[in-house]
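*Asks:* Following the hints, put chain B in place on chain A, whose structure we already have.
These protein sequence lines map, in sequence, to chains A and B. Here the first sequence is numbered in our numbering, starting from 1 and rising by one per residue. Here the second sequence is numbered in our numbering, starting from 1 and rising by one per residue.
You may find that some hints are simply not true.
Derived CB-CB ranges, DEER-like [stated by the list, open to error]:
1. A:GLN24 - B:ARG116: 15 to 25 Å
2. B:ASP5 - A:GLY363: 51 to 61 Å
3. A:GLN332 - B:SER149: 49 to 59 Å
4. A:VAL30 - B:SER149: 39 to 49 Å
5. A:TYR159 - B:GLU231: 35 to 45 Å
6. B:HIS70 - A:LYS123: 43 to 53 Å
7. A:PRO347 - B:ASP124: 45 to 55 Å
Just so you know, the hints here were simulated from the structure itself, not pulled from any lab data. In this text, all values refer to a predicted model and were calculated from it rather than measured experimentally. The C-beta atom is built at its ideal place from N, Cα and C for all residues, glycine as well.
Single-letter residue listing:
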Amino acid sequence: MEQTIGTQRGLAPTPASRLIGLAQGLLPVVVLAVVLGVIAPMVLSDFRLSLLGKFMCFAMIAIGLDLIWGYTGMLSLGHGVWFGLGGYALAMHMKIVAAQELGDPIPDFMTWSGIHALPFFWKPFVSLPVSLAAVVLVPGILAFCFGLLVFRSRVKGAYFSIITQALALSLSIMIVGKQEWTGGTNGLTSYTSLFGMNLMSPATQHTLYYATVIALLVIYLAAKWIVSSPFGRVMIAIRDDEDRVRFTGYNVGVVKAIVFAISAMFAGVAGALFATQVGIISPADIAIVPSIEFVLLVAVGGRGTLLGPIIGALLVGGARSALSENFPASWQFFYGALFVGAVLLFPAGLVGVVQQQWKRWRGKSSKIATPASMAVSTEEV
Amino acid sequence: MQAHDAILDVQELTVSFDGFTVLNKLSLYVMPGELRFLIGPNGAGKTTLMDVVSGKVRADAGSITFDGSHALNRAAEDERVRMGIGRKFQTPSVFSSLTCFENVEVAAGYRKGLARLMLGRATDVERVMWALERVGLTARAHMVSSDLSHGERQWLEIAMLLVQDPKLLLLDEPVAGMTREERERTGELFQALEGSHSLIVTEHDMDFVRQFSRVVTVLHMGSVLCEGRIEEIQRDERVQAVYLGHARETAGPGA
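With the rest of the complex left out, here is chain B:
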């Protein structure tokens, strides 16, 4: 595997907030069609890595190359989405006064010209309903999203990604707040997307990771600690040390 074939190639990424280094020369690459899990204790830099890739946070040093040719460092958030990077936030962020249908509709219209949106014939109803169906929200299509349960809101946000058909999906704790059954379905959805899409998923729930992961990357203190199949990862002494808290003393405040 060559890094230049990668959908996402992160090199020596460094980010610090107020002198505290959150990402420390982090390098990682994800291949097209891969389903990659990111794990690590709180403060390891999982969310920050997604923030830098999606453009929410600027890196102090290092480079990110997307899809072989796009250097991301200077692109605005919305440009990155149009390049094909979709983001699901840790706390489900959907538009609370719009219905599920309208939420997905807004996501679906992102490439259409604003004039077309204003003329009002821009919505591909079937495609919106298809995305809602994939996450099982068909029956909720006309419910205002603030009335949804936490898990349903997670799904709605995933539907908003699906309808855009991004090349790379960044999913930050997508199954938090879901029931066991809902987690199963979400995991199956991710596996169905695998191959045609690249996915990076952060998750704290080890059962979920065990069940659905292929390659797992462990982050610790802003760098990659190790990478491999979950069975190997769990046998790794460094990982055990990190998760059992042996490394806490060196982690510093706010980690």
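Bound conformation, chain A alone:
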């Protein structure tokens, strides 16, 4: 019997099965690349395409949230913070460029607030390479430090969620309050160019769209790589029983902080691409409400699936646009009902439901193949 099972189900980490795993991981990438990179630009208008680009940015955050929530079991209700830090990092650079093109030393809103020199923390963002690095590094490093502090004191569960939410609230309040440094409620907007390209031109917008498709695919593959590595098993182990992982010899706080930082870096990239495509980033995009909406994208798509968050982000985004165009006065009610309905009907999310059905079907077929060993698993499920 040992042999039957060994050959039937295969050893997970053998080269052959890793290849199969890789192929299974690549199939969605190919489908997404074709649909988003080839079909969508052909059939969608420029306006719709830019909306799709925005939804893809949300999909990147959702993948990061899936890593920490779906796989590692920590629910962040404040991921707008990392999205915002990435977005503001690049927006600050674009704002400086826009001012320079007009011959001003500092962005317009600072002049209105009576500031005449660039504040010290704006100075590094004069440089494009520094700004691009900051898009990833600022959220990554800050999230790691924040995570280390929080996880070392073993804050978890609802308490962790509340702390992340407080963080999102404080950042947005700080941005609003320090208007002369941050642009306040209005956020940072009216940029003109990036990489010397005119941001208003359709060609640049197309380039940015393709950059977003590539970033999404790279982030998906990176996340897939992480969860299918032994490190990914440690993440799931932490979700199952955090204390047991500690008694297995891992420094759980550090592992969680790393996953949290990776997730924040994904959100930072999303923020930067969002700011360039949408043309504005403001406290309203990064505060509590959008932070909760990001989590809902994962819940609707299916947590612990990586593909689910992408599908969730695209479907919910599409539904939001359709509802707000067709019911301009009452769309929020439908939008809310959509979330409630989806979470009530499919607690495992759309992709989760599909996976459960697939497993049930496979469980039945393998029960016939190896009655003695598989009977236990199928009966208990």
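*Replies:* Same frame as chain A, now just chain B:
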């Protein structure tokens, strides 16, 4: 035998919860390669002693020295595991959504750097399969651990310890929920580990203790009552009194 040669040297350990003393100046030492059984009525402090040694509970007073030189009082749980102290919990705690293989794989990777784990070439497949084979779970390697029977889950947790090759194994009621045959095999496994590893086993099943024990330590109300071979222990009047319940009146609530 000198205490400073001991793999585990516990001195005057005191632990109390909300004013109730669970461990009362408990002293005990275990030599390298020893298979030690801990018995005692419920509330005697067996599990708490393991909790303090593995770092789950902090002692109010007393000291624990591991392997001659490591003072454990300030070390975190995961550091103690890396020093070589493995723990099996009373209720089998394995990672329920991982397969048996993956459970042991996680245990096997505990000393490897996180970067190596992420790059994905860190798993020593043969070693993981060796550990599963020692507990007879080879055929279950790719079954999700929540689908295992209670006894099999106990074994899986033991395999997770074996793969780490700890110097000291703390096994809290490892044969609970096992059939007679499974108990036999587990006992034989412990005897095979004896010599190369130190083991501390708590157990309520006296048949199991009689069959596989060498030295037995009896705990009562947070202290060592007596120590010796099982035949001597069973003749001891104090032990008989404790087990027949003569001491119940003084044991207090929650004992």
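*Asks:* Each hint should be assessed against the structure and marked as holding or not.
*Replies:* Hint check:
1. A:GLN24 - B:ARG116: 15 to 25 Å: 24 Å, holds
2. B:ASP5 - A:GLY363: 51 to 61 Å: 54 Å, holds
3. A:GLN332 - B:SER149: 49 to 59 Å: This hint holds: roughly 51 Å between Cβ atoms.
4. A:VAL30 - B:SER149: 39 to 49 Å: At 42 Å between Cβs, range holds.
5. A:TYR159 - B:GLU231: 35 to 45 Å: 53 Å, violated
6. B:HIS70 - A:LYS123: 43 to 53 Å: 50 Å, holds
7. A:PRO347 - B:ASP124: 45 to 55 Å: 38 Å, violated
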